[in-house]
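A.B. asks: Sequence:
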Amino acid sequence: MSNVMKKALVTGASRGIGSGIALCLAAEGYDLAISYATERQGADALAARIMSGYGRKCSVFQANLLEEGSSEALVEQAIQALGGLDLLVSNAGVVLMDSIQSMPLEHIDTLIRLDFRNYLLLAQAAARYMIDNQVAGNIISITSSRAERAYPGDAVYGGIKAAIERATESMALDLAPYGIRVNCVAPGAIRIRTNEELAAQKFGPADMWDKLGERIPLGRSGLPEDIGNAVVFLASPRASYITGVTLRVDGGLILPGMPEVIDPDNTRVAWGYTGKP
1 MSNVMKKALV
11 TGASRGIGSG
21 IALCLAAEGY
31 DLAISYATER
41 QGADALAARI
51 MSGYGRKCSV
61 FQANLLEEGS
71 SEALVEQAIQ
81 ALGGLDLLVS
91 NAGVVLMDSI
101 QSMPLEHIDT
111 LIRLDFRNYL
121 LLAQAAARYM
131 IDNQVAGNII
141 SITSSRAERA
151 YPGDAVYGGI
161 KAAIERATES
171 MALDLAPYGI
181 RVNCVAPGAI
191 RIRTNEELAA
201 QKFGPADMWD
211 KLGERIPLGR
221 SGLPEDIGNA
231 VVFLASPRAS
241 YITGVTLRVD
251 GGLILPGMPE
261 VIDPDNTRVA
271 WGYTGKP
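Here the sequence shown is numbered in this note's numbering, starting from 1 and rising by one per residue.
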């Protein structure tokens, strides 16, 4: 464990990738503020695990980041709870996929507001605090390998992830004079549900992640801590000369140019979801 004790806000941390990021940061000595949208039980359980297992402070906040003013309010709540802010990790988002001819306007608006506008507003609020308080901090956005590889049914979600990565480059230029670094981590296929959860939710075959892992060059699906470790690195002094980049963490997933259909009889069960015919 590092002796450095810093303060981080992680959005969308009640489960999955956000939970993995929070745990990795706690192991590195960070005090945390975590947000959730609806899964309070998961967020509370994570906070208890961080406090008991790592001895770090962890405050929990409910945030509907679609609401006007919620992004700025969340950053302010985190600053008040932690006594400052060194690191923002924007992870909260939603995945909505459909062919462009079929996607409802409501879904397009939701994706733009939550997965793009919210990321900008969180970064703006965090950057203003860091500048005003002379904090040479870090802003890290969680995007997706889909930003680099086109899939059917992915025009909006994948396009927005690409937009975040492009915006990150400009934000890095804006904030470099203040010592603030801005980067992205782009996950590939990350195992965010257990086999039991997959079976219960009928999301796909219970062994979906195992089958997908066989098709990934490094031989397995990713884990939330793979993304957490990447965030820890980018926020650390070891990455002090890195800004404006996207670190893809996908085991080589997109290198062969898949889509990765898992069930030939059900093309919806795939990393490269094919959308409606």
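If you're looking for bench data, these hints aren't it; they were derived computationally from the structure. Ideal Cβ placement from N, Cα and C applies to all residues, glycine included. Errors might be hidden in some of the hints.
[To be verified] Have a look at the derived ranges for each label pair, beta carbon to beta carbon:
| # | residue 1 | residue 2 | range |
| --- | --- | --- | --- |
| 1 | Gly29 | Gln101 | 42 to 52 Å |
| 2 | Pro217 | Gly69 | 41 to 51 Å |
| 3 | Phe233 | Gly179 | 16 to 26 Å |
| 4 | Gly179 | Asp109 | 34 to 44 Å |
| 5 | Glu67 | Glu148 | 38 to 48 Å |
| 6 | Gly69 | Pro237 | 31 to 41 Å |
| 7 | Asp210 | Glu148 | 19 to 29 Å |
A.B. asks: Checking against the hints above, which ones are violated?
C.D. replies: Result: hint 5 breaks, nothing else.
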